[in-house]
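Number of protein chains: 2
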Amino acid sequence: MASFDAVRALVFDVFGTVVDWREGIARDAAPFLARHGRGEIDPRGFADAWRKRYQPAMEECRTGRRGFTRLDVLHRENLELILRDHGMDPAAIGEAELEALNRAWHRLDPWPEAVAGLTRLKRRFIIAPLSNGNIALMLNMAKRAGIPWDAILGAEVAQAYKPQPEAYLRTAEVLGIRPAELCLVAAHNGDLRAARSCGLATAFVTRPTEHGPSQATDLRAEDPWDIVARDFQDLAEKLGC
Amino acid sequence: MASFDAVRALVFDVFGTVVDWREGIARDAAPFLARHGRGEIDPRGFADAWRKRYQPAMEECRTGRRGFTRLDVLHRENLELILRDHGMDPAAIGEAELEALNRAWHRLDPWPEAVAGLTRLKRRFIIAPLSNGNIALMLNMAKRAGIPWDAILGAEVAQAYKPQPEAYLRTAEVLGIRPAELCLVAAHNGDLRAARSCGLATAFVTRPTEHGPSQATDLRAEDPWDIVARDFQDLAEKLGC
Chain A
140 MASFDAVRAL VFDVFGTVVD WREGIARDAA PFLARHGRGE IDPRGFADAW RKRYQPAMEE
200 CRTGRRGFTR LDVLHRENLE LILRDHGMDP AAIGEAELEA LNRAWHRLDP WPEAVAGLTR
260 LKRRFIIAPL SNGNIALMLN MAKRAGIPWD AILGAEVAQA YKPQPEAYLR TAEVLGIRPA
320 ELCLVAAHNG DLRAARSCGL ATAFVTRPTE HGPSQATDLR AEDPWDIVAR DFQDLAEKLG
380 C
Chain B
140 MASFDAVRAL VFDVFGTVVD WREGIARDAA PFLARHGRGE IDPRGFADAW RKRYQPAMEE
200 CRTGRRGFTR LDVLHRENLE LILRDHGMDP AAIGEAELEA LNRAWHRLDP WPEAVAGLTR
260 LKRRFIIAPL SNGNIALMLN MAKRAGIPWD AILGAEVAQA YKPQPEAYLR TAEVLGIRPA
320 ELCLVAAHNG DLRAARSCGL ATAFVTRPTE HGPSQATDLR AEDPWDIVAR DFQDLAEKLG
380 C
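Line by line, the protein sequences are chains A and B.
Residue numbers for the first sequence follow the numbering used here, so the first one is 140 and each next one is one higher.
Residue numbers for the second sequence follow the numbering used here, so the first one is 140 and each next one is one higher.
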């Protein structure tokens with residue numbers, strides 16, 4: 140772990156790595172669907188459908204077909220799309236209720252050991268999100284859940300969505316450090332591959348139920364990442380925090 | 140204080156309001172000057188000279204004559220200018236030492252009650268810097284001094300230097316709130332005037348020795364700000380935190 144001596148800041152993927160988006164969205168979708176007489180829709184399936192539109196929406200911004208647009212806006216557009224997919228009319232639901240459900244992304248709960256692990260890691264490292272979520276989303280989530288970030292970084296600060304190189308490189312730049320002094324912590328091999336190709340250090344943490352009990356992806360480290368840990372407590376242990 | 144019921148986030152001017160830049164810069168300049176045989180230069184005067192070039196440098200960016208340039212870069216250029224003003228040759232001093240002195244801005248100490256006051260205010264409000272200092276500067280300062288920010292906002296996130304309206308308005312926008320839900324806390328009447336003209340709530344805190352014992356400016360609230368407080372503990376008291 141010699142390469143880690145240079146690392147001064149840990150930045151974290153958030154959706155799936157720090158918080159359990161599937162259960163959090165399902166928890167808030169369930170009463171919404173019941174209220175609108177659609178209690179037969181599986182709220183976890185609803186969460187999966189909403190999340191499935193995440194990458195294509197960002198891809199519009201990555202390709203330049205659309206200017207950088209913060210994730211709260213993309214989430215809201217995607218919500219209206221999936222409501223229509225389920226035969227529901229967003230216009231009949233009303234602005235306030237749509238906005239409240241869209242804010243479910245601000246109310247996701249961390250994985251059980253995440254806050255304790257981050258609190259340990261913060262003693263030695265600068266810790267910040269490097270998420271595609273926007274600043275308000277990350278900040279409201281952290282304030283509610285007690286996530287002790289030192290700063291809120293990520294796509295909105297970099298004005299680029301992962302896995303675009305600019306998302307990683309501009310994050311190092313605003314921190315005033317070299318890419319090798321920055322480590323990405325993520326539960327996704329693809330995110331880590333993009334970070335490594337920019338010169339960042341890499342730490343993989345397993346989150347085997349992010350997509351539910353029958354998850355088939357990212358169950359193990361697919362490349363020799365600098366660190367591989369079970370969870371954030373194990374990561375803190377391995378980094379001597 | 141009815142207007143304060145809507146406020147959800149407090150953003151703070153930092154240089155002078157949260158930290159004592161004059162004593163902090165003087166503390167690091169003194170051994171530097173002595174090392175270079177210039178121990179006769181008053182380090183507080185050196186700090187004042189460095190700070191005096193702050194507004195003109197940002198003005199180049201505000202007017203658009205120069206693209207937005209982060210404060211670490213402006214501080215470094217200004218350091219070389221004032222060294223020359225004092226008959227010292229930056230090239231003879233060397234990169235590492237210049238960079239180390241420039242980082243004195245990352246090592247400023249908070250006013251004595253500031254961290255305790257912010258810790259109280261954080262219970263009820265989102266708290267973040269709205270400083271012209273860049274992200275790395277604010278983050279390194281906070282990490283060293285234990286300032287418990289929820290996020291690092293300000294000029295670099297807004298890509299505009301106070302008192303440009305964009306600095307205040309884009310900060311509300313990234314927080315996902317209306318200007319009236321945001322309050323600027325500052326020891327400077329001019330900063331508060333600009334914030335109020337953008338629709339922000341305003342809180343004045345007195346820092347009567349920011350410029351030393353014979354300070355002549357900003358000794359009192361010059362307009363009827365929404366709150367006027369002696370310091371951050373008094374502010375927390377007045378806001379019921």
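Calculated from the structure, these hints are not laboratory results.
Do not take every clue at face value.
No copy is singled out in the list; a pair is fine if it fits within one copy or between any two copies.
Derived DSBU-like pairs: lysine-lysine, alpha-carbon spacing no greater than 35 angstroms straight-line [unchecked claim]:
1. LYS282 to LYS261
2. LYS377 to LYS261
3. LYS282 to LYS377
Hints, verified against the model:
{"no.": "1", "hint": "LYS282 to LYS261", "verdict": "both (16 angstroms within a copy, 9 angstroms between copies)"}
{"no.": "2", "hint": "LYS377 to LYS261", "verdict": "both (14 angstroms within a copy, 32 angstroms between copies)"}
{"no.": "3", "hint": "LYS282 to LYS377", "verdict": "both (27 angstroms within a copy, 22 angstroms between copies)"}
Taken one by one, the earlier hints all hold for this structure without exception.
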